[in-house]
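Starting from the known structure of chain E, fit chain G onto it as the hints suggest.
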Amino acid sequence: MAEAVLQVENLSASYRKNTVLFDVNFVVQAGSLVGIVGPNGAGKSTLLKTILNLHPSLTGSVKFFGLPFNKVQKRIGYVPQRGSVDWDFPTNALDVVTMGLYGQIGWLKRPSRLHKQKAFEALEKLGMADYADRQISQLSGGQQQRVFLARALVQNADLYFMDEPLAGVDAATERAIMTLLKELKALGKTVMVVHHDLQTVEDYFDHVLLLNRTVIQYGKTKQIFTRENISRTYGGDLRWLREESLHVHNPIK
Amino acid sequence: MFTILLNSNTQWVLFSTMIFGIAAGTMGCLAYWKRQSLMSDALAHAALPGVVIAFLLLGEKNLFVMIIGASISALIGASFIQWIRSSTRISADTAMGMVLSIFFGLGIMLLTVVNRTSGGNQSGLDSFIFGQAASMVRSDVTTMLILALAVILIVFVAFKEWKIYLFDPEFAKGLGLSLKWMNGLYTTILVTTIVIGIQAVGVILIAALLIIPSVSARYWTQSFQRMIIISALFGGAAGALGTFISALGRGWPTGPFIVIVASALFFLSLFFGKEKGILVKYLQLKMQKRLVNIHTSKALRTKGVE
Chain E
1 MAEAVLQVEN LSASYRKNTV LFDVNFVVQA GSLVGIVGPN GAGKSTLLKT
51 ILNLHPSLTG SVKFFGLPFN KVQKRIGYVP QRGSVDWDFP TNALDVVTMG
101 LYGQIGWLKR PSRLHKQKAF EALEKLGMAD YADRQISQLS GGQQQRVFLA
151 RALVQNADLY FMDEPLAGVD AATERAIMTL LKELKALGKT VMVVHHDLQT
201 VEDYFDHVLL LNRTVIQYGK TKQIFTRENI SRTYGGDLRW LREESLHVHN
251 PIK
Chain G
1 MFTILLNSNT QWVLFSTMIF GIAAGTMGCL AYWKRQSLMS DALAHAALPG
51 VVIAFLLLGE KNLFVMIIGA SISALIGASF IQWIRSSTRI SADTAMGMVL
101 SIFFGLGIML LTVVNRTSGG NQSGLDSFIF GQAASMVRSD VTTMLILALA
151 VILIVFVAFK EWKIYLFDPE FAKGLGLSLK WMNGLYTTIL VTTIVIGIQA
201 VGVILIAALL IIPSVSARYW TQSFQRMIII SALFGGAAGA LGTFISALGR
251 GWPTGPFIVI VASALFFLSL FFGKEKGILV KYLQLKMQKR LVNIHTSKAL
301 RTKGVE
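These protein sequence lines map, in sequence, to chains E and G. First residue of the first sequence: 1, per the working numbering; consecutive thereafter. First residue of the second sequence: 1, per the working numbering; consecutive thereafter.
Hints are computed from structural coordinates only; laboratory data are not their basis. Don't take each hint at face value.
Claimed, not checked - Computed cross-link-like contacts, DSS-like style, restricted to lysine-lysine with a CA-CA straight-line distance of at most 30 Å:
(1) E:K182 / E:K109
(2) E:K49 / E:K185
(3) E:K185 / G:K173
(4) E:K125 / E:K74
(5) E:K49 / G:K180
(6) G:K160 / E:K49
(7) G:K180 / E:K63
(8) E:K74 / G:K61
(9) E:K74 / E:K17
(10) E:K71 / G:K173
(11) E:K17 / G:K34
(12) G:K180 / E:K17
(13) E:K109 / G:K160
(14) G:K180 / E:K109
These numbers were taken from a predicted model, which means no experiment stands behind them.
Looking at chain E on its own, in the form it has when it is part of the complex (with noise of 0.2 Å):
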């Protein structure tokens, strides 16, 4: 058995009033490409801000590889959502890139022409070569994507974490991402995505996660994203998979 890279247990948290996740138990294996899949407000992006101790939990403990977070941080890389940031920043996108760099330059430290020589190769793989030197506000949400992309990938993490990279993004660079994430997986590296298209799932992720406000569903893609797990997690909103599931599957290959 593979090992356990990420192990969470009876994690809860909430924003004021409201109980966003509770009882969240699951055990992820070194390898593994897992869809974080669920409703609008099942709480996926706090899931992953909450592993990640960007907001804080009301109870329960996240290991990685064993050890908890502040140990590990070197080996886990985030892509956050493509809105949390201003485009508007002065800079470019290998100066975004290089960001990715900062924890192995080391700080107080600027990077030296290795760096940018390292971030330009992430940039090359993401099929955005031509757009090093182009200004971030001037670069499509595909392109800003595949430059968060490229950041995340110049951190050599083993463990990564992405909130909806595939989120209102065209189609070359859906397929940019997934055969990177594809990539990841075959080095062994583990990849865990917040994802909303159900129709692609099958197609994309070998483990799915169902979430709303609590683990419905975890495992085996192949055995768990069945009709009936999928719409214990979205409640009873069934006349509109059927109507989805009479839709041609046709994801991007």
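Only chain G this time, still in chain E's reference frame:
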């Protein structure tokens, strides 16, 4: 008119307001991207009661002690804003507006009391409202210089850290940068910048020197580093030039002149700035229109041939 420049005290005062302007321009860029321009105004006003109370306790004017009083008072104001925002339903801008006016009112009230007491009239405390650079003595200048240089140094040494802290704090935290530390350091150097400037520029207008140079610099560059440098230059120019003009007249306040110079630089940037300045935008639009016209007329002509 330029003979006043030969006076060594004037030279020192000019030099110190210039360095202060550089510090304010630098710090202003951080405040701009932290979206806290208004916060600096609230903190400046909140500093006034501290200045007056420090004077009351000491019985004489000592810039260093007053700076400490101003800092404490401004920090109390900052924590009030923070507290109101997090534990009541009042929004941040309202909280700032409240703290700004209440602290300033309290400061003016205390000032009136001081001015009634014997000797208080000559205290020169009034200069803290609109700023009176000429009232600074050599020791004031030294205090101001050292602290301003410290602020500039902190921003430039940790330039990379400030950049990621302002652009994407959550990601920065993931890299192991302590947000608590950065927030603390940010507030510390912001308050320092404000309090060292209040004697020269005054509590009412000091925020202008934090806000205007950074906004002006935005019109000239698309690089964070260059934005800070340009903003620092604008701040320094406004500080030195404003002080010089105010020194031409007897008893002219310094703050308003500094702000007027800063605003002139802003209007220059707004019209002629190379990044989305009004003139550049107009010319670009005009050129695009011409290009479209050429294309369409070409297309029409080819159609006509067919």
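Hints versus structure:
Restraint check for K182 (chain E) and K109 (chain E): not satisfied, since their Cα atoms lie roughly 34 Å apart, outside the 30 Å limit. As the CA atoms of K49 (chain E) and K185 (chain E) are separated by approximately 22 Å, the hinted pair is consistent with the 30 Å bound. Restraint check: the Cα-Cα separation between K185 (chain E) and K173 (chain G) comes to about 25 Å, which is no more than 30 Å; the hinted pair holds. Proximity of K125 (chain E) to K74 (chain E) is assessed by CA-CA distance (about 22 Å); at most 30 Å being required, the pair is judged to hold.
About 17 Å separates the Cα atoms of K49 (chain E) and K180 (chain G), which keeps this hinted pair within 30 Å; it holds. Only pairs whose Cα atoms come within 30 Å are accepted, and K160 (chain G) paired with K49 (chain E) is accepted, the gap being roughly 24 Å. The suggested pairing of K180 (chain G) with K63 (chain E) holds, with an alpha-carbon distance near 23 Å, which does not exceed 30 Å. With a CA separation close to 52 Å, the supplied pair K74 (chain E) and K61 (chain G) exceeds the 30 Å bound.
Simply put, K74 (chain E) and K17 (chain E) have alpha-carbon atoms about 33 Å apart, too far for the 30 Å limit, and the pair is violated. Among the hinted pairs, K71 (chain E) with K173 (chain G) is consistent with the structure: their alpha-carbon atoms are about 14 Å apart, no more than 30 Å. Of the pairs offered as hints, the one joining K17 (chain E) and K34 (chain G) holds, with about 28 Å between alpha carbons and a cut-off of 30 Å not exceeded. Distance check on the hinted pair: K180 (chain G) and K17 (chain E) sit about 25 Å apart at the alpha-carbon level, within 30 Å; holds.
At most 30 Å may separate the alpha-carbon atoms for a hinted pair to count; K109 (chain E) and K160 (chain G) meet this at roughly 8 Å. Proposed proximity of K180 (chain G) and K109 (chain E) is supported: the alpha carbons are some 21 Å apart, at most 30 Å.
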